[in-house]
Every structure is written in structure tokens, then in C-alpha cells.
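J.: Residues per chain, in single letters:
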Amino acid sequence: MNDTAIWTEKLVKTYPGVRAVDGLSLNVPRGVAYGFLGRNGAGKTSTIRILLGLARPTEGHGTVLGFSIGREQVAILERTAFVSESKALYGGLTPRELVRFTRGFYPNWSDQAVTKYSRLFEIPMDRPFAKLSQGNRTKVYLLLALSQGADLLVLDEPATGLDPVVLDEFLRILVQDVIAEGRTVFISSHQLSDVEQIADWIGLIDHGKLLLEARLDDIKNQFRFVTVAGNAPPQTESSEVLLLASEGSFYKYLVKKNAEAFAAELSRQGATVAEVSPLGLREIFLALVRKEEPCTSGNVGEIAAAVSSSLS
Amino acid sequence: MLLHVNTASGVPTYLQIETQVKHYIAAGALAPGDALPSVRQLASDLRISTNTVARAYQNLERDGILRTVPGGRTYVGENPGSFLKAERVRRLRPYARQIAVEGTQLRLDPREIMELVQQELDALEEDNERYSNLDRKAR
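Just so you know, the protein sequences line up as chains R and X, in that order. Under the working numbering, the letters of the first sequence match residues 1 to 312, in that order. Under the working numbering, the letters of the second sequence match residues 313 to 451, in that order.
Don't read these hints as lab results, they were simulated from the structure. The model shown is predicted, which means the values in this text are computed figures rather than measured ones. Glycine is no exception: its CB is placed at the ideal position from the N, C-alpha and C atoms.
Just some of the chain X residues that point at chain R, by a computed CB distance under 8 Å:
no.: 1; residue: SER321
no.: 2; residue: GLY322
no.: 3; residue: VAL323
no.: 4; residue: PRO324
no.: 5; residue: SER356
no.: 6; residue: ARG359
no.: 7; residue: ASN363
no.: 8; residue: THR364
Okay, the calculated bits of chain R under chain X, using three or more residues with CB under 8 Å as the criterion:
no.: 9; segment: 27 to 33
no.: 10; segment: 198 to 204
no.: 11; segment: 216 to 226
no.: 12; segment: 277 to 283
For reference, chain R alone in the conformation it holds in the complex (with noise of 0.2 Å):
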């Protein structure tokens, strides 16, 4: 379990009327940047606040850096730096004493380290938090949690606010200061790009449930769109092909591994394979999570294999 940061079993969590987070067992290796990606209310807000205690699982457990959720929950905290979503803190405090009250906490704080980020970031120590913008409100939460030594740093939304210039060092930091010290990186957003740029590992939620955990590259390496001419889609039973849509007269599978090897296996069939293409994350998301996507032949649908919880 050592080499695991994160890894959760089957997590439920259920609000009156809602399955915020539906069956997810995740695992994050140490020391990778891991983008969590997923729509709004995908449930990522919530599957974090399990991860940090602040919210009890309906059913499920796991552990973070190999500590139990909920029983071990003080040695979690202890090691794990968090910039919440909302980014709220004491209104009445200005950074500077919002440091002094927050480093008693950790036993790892480094002032160094807050005297390096507060200059990087130009933060304006001596304004009360309530009288900062979002920008600079952010950039004091960056600040707290790079000081903290944390093993993990979980980030929800972390751009809120924060200019091209800002956002741009402050990856650079992560890249330097955090990811190549060997420690992890915990990013939850839905802005794919500032994600696709710094994360080597990607984890894709909808509706409470994983649809998609693997090294980026590795899915960039496999997953193939293979576009099919003609009138009715070949009947395939394989358990690599995600996704089937239709656009016009072309059926496009979305394939998970060997690509080519189930393009011949159409060709075999009779159908006349158009096209074998790779893909971006972007266009990985938007596949999978857009599965009502209108089908301009009307008839045909959707996922032919459903996204099996087995993906890896």
C-alpha cells in the first residue's frame, strides 16, 4: 500500500435524493501529478471531502498515503495540504497572521518557504483575507498549502482567480518544487487544459462513478476513434470498444486498446473502415461524458460496450 497516495474501495456517498459519488474506487500512485476530471457536480468536491474527513462515506473505505479514512483521519491532515473549492478563510485576517495561526498545525511547515511563495505570488501580507481579491485570496491558499512539507497536496478547482502569469508559475512550481521531490499532486477541475498540461496520471468521473483511470499517455498511446462507413454498424462484441456514436453515414467506435487489430477484425466483416485516429483528453471527455449527444440517424445510440468499471 506504500506506493499508493490515495486509494479508495467502492466509496458511496448519498445526499437526500442524491448519489453524489457512486461506487468509486480510485487509486493514485505516490508521487504523480493525478488530474481529476470531471463536469460540475460530477462528484469530485464530494469524493475529496471524504478523502479529508469532512464528510462521512455512505459505504465504501480507503486510505490516503496509507493511512485509514476516518479512523487515521489527524495523521491524514498532518501530511496532506488542501485548497478547498470555495477558497474561504477568517475574513478579519490578513495573510500574514493567517500563516502564523495556520503553521502550528504542521509539523513539517517551512517559513522559508512562505517567505519564497508570498514574494512569487506578490501577495499582499498585510490585508485583511475578506478585502483580497479571488485572485489573491487563491494565491494565499497556494501559499499555505506549498509551505505546509505535505506528502500530498489535494487541489480542488486551484485556477480559480488566477491570471496566465500566476497560473503559469504556479504550475511551474508544482513541476519543480513538489512533483519532482517525489511527493503527489491531488488536481480536481474541469478545466482540462491547465490539467492536461502538469498531470501524468488522469482519472475521469461523471455522475458519482470513474469512467476512465490511466496514465495519460498510455491513453493517448491506445485510444482510437476507428470511423466506419456505411449504414449499420458491424455487430462487435469486444470488451475494448467504449464507445459507439454515429454521425451522419460513419459509425465512430471510440477503442480503448488495439486499435488496429479490431479495425481488420471490421474489415473481415465487410465493413470499410475509414479511419484509425488518436485522440486528445478533450476529445476522451467529451465522448465519454456526453453520452446523450444527438445521433444525427436517429436510430442507432450510444455505447455499445457501457464503460465497464474495469478500464485500467
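Please arrange chain X on chain R, whose structure you already have, making use of the hints.
T.: Leaving out everything else, chain X in the frame of chain R:
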């Protein structure tokens, strides 16, 4: 070094790095014994995970293109073409096949395809001359 990556493309980032390093060596911009930036430095410059850069460097090392000395610095290998001829041909064959397939599909005749390859070889040759002239001037 002028490496750059496009993380939004469908091409894995580590492959983009490998391809560029190979290109710089083939064009003479990088010579045997030249130092590459450290994994940490290149990753910070490109804002990508150190794991991605490490993967590219490891693959290039495995192919004898780069070598890492104890202490961690990475250099262009002294003798990149040290594999047996048969092995080098085996590695190139998939690319040759792809050129043949794509060229035929685009209805280019064999002579035109060969000409294109020749043009690319000439371009590399020119780059090589340019870089060695630069070297002479620097001295």
C-alpha cells in the same frame, strides 16, 4: 535546448520529447557528449510532470541515444549508431512501411515518394553543415 511540447495533441508528451531530441541529433544541433537539461529542469521549463520527462530520457537511453552518468547528468551518447546494422534496419522498417502506405494512399507514385524522402535527407544534411559552420565561428 529548444524543446517544446503540445500537451493538447493526441501524441503522448514523452514521444514528442523523444522525437525532438532525435531530430536535434540528426540535424547536428546536438553532438555526442553534449549535455541535456536535467529531468527536473526540463520538466519545470515545460510545465510537465517530471515522470513524463524521465520516461522520455529512459527510452532514449535504452536505445543508446542518451546516457546518464552517475550523479544524474544526461548526455548525448558517444556512439548513437552502435547497434548492429540489422537491428537499425529492423527499427526503421515500420516507418518505411508507413511512408509506403501513406504515399500510395495519397496517389503519389514511387518516384515522388522517394524524392520526398531524399528532400528530407538533404534538409538534414544542410542543417548539419549550418551547425558545423556555427561551431567553427564559435572557435
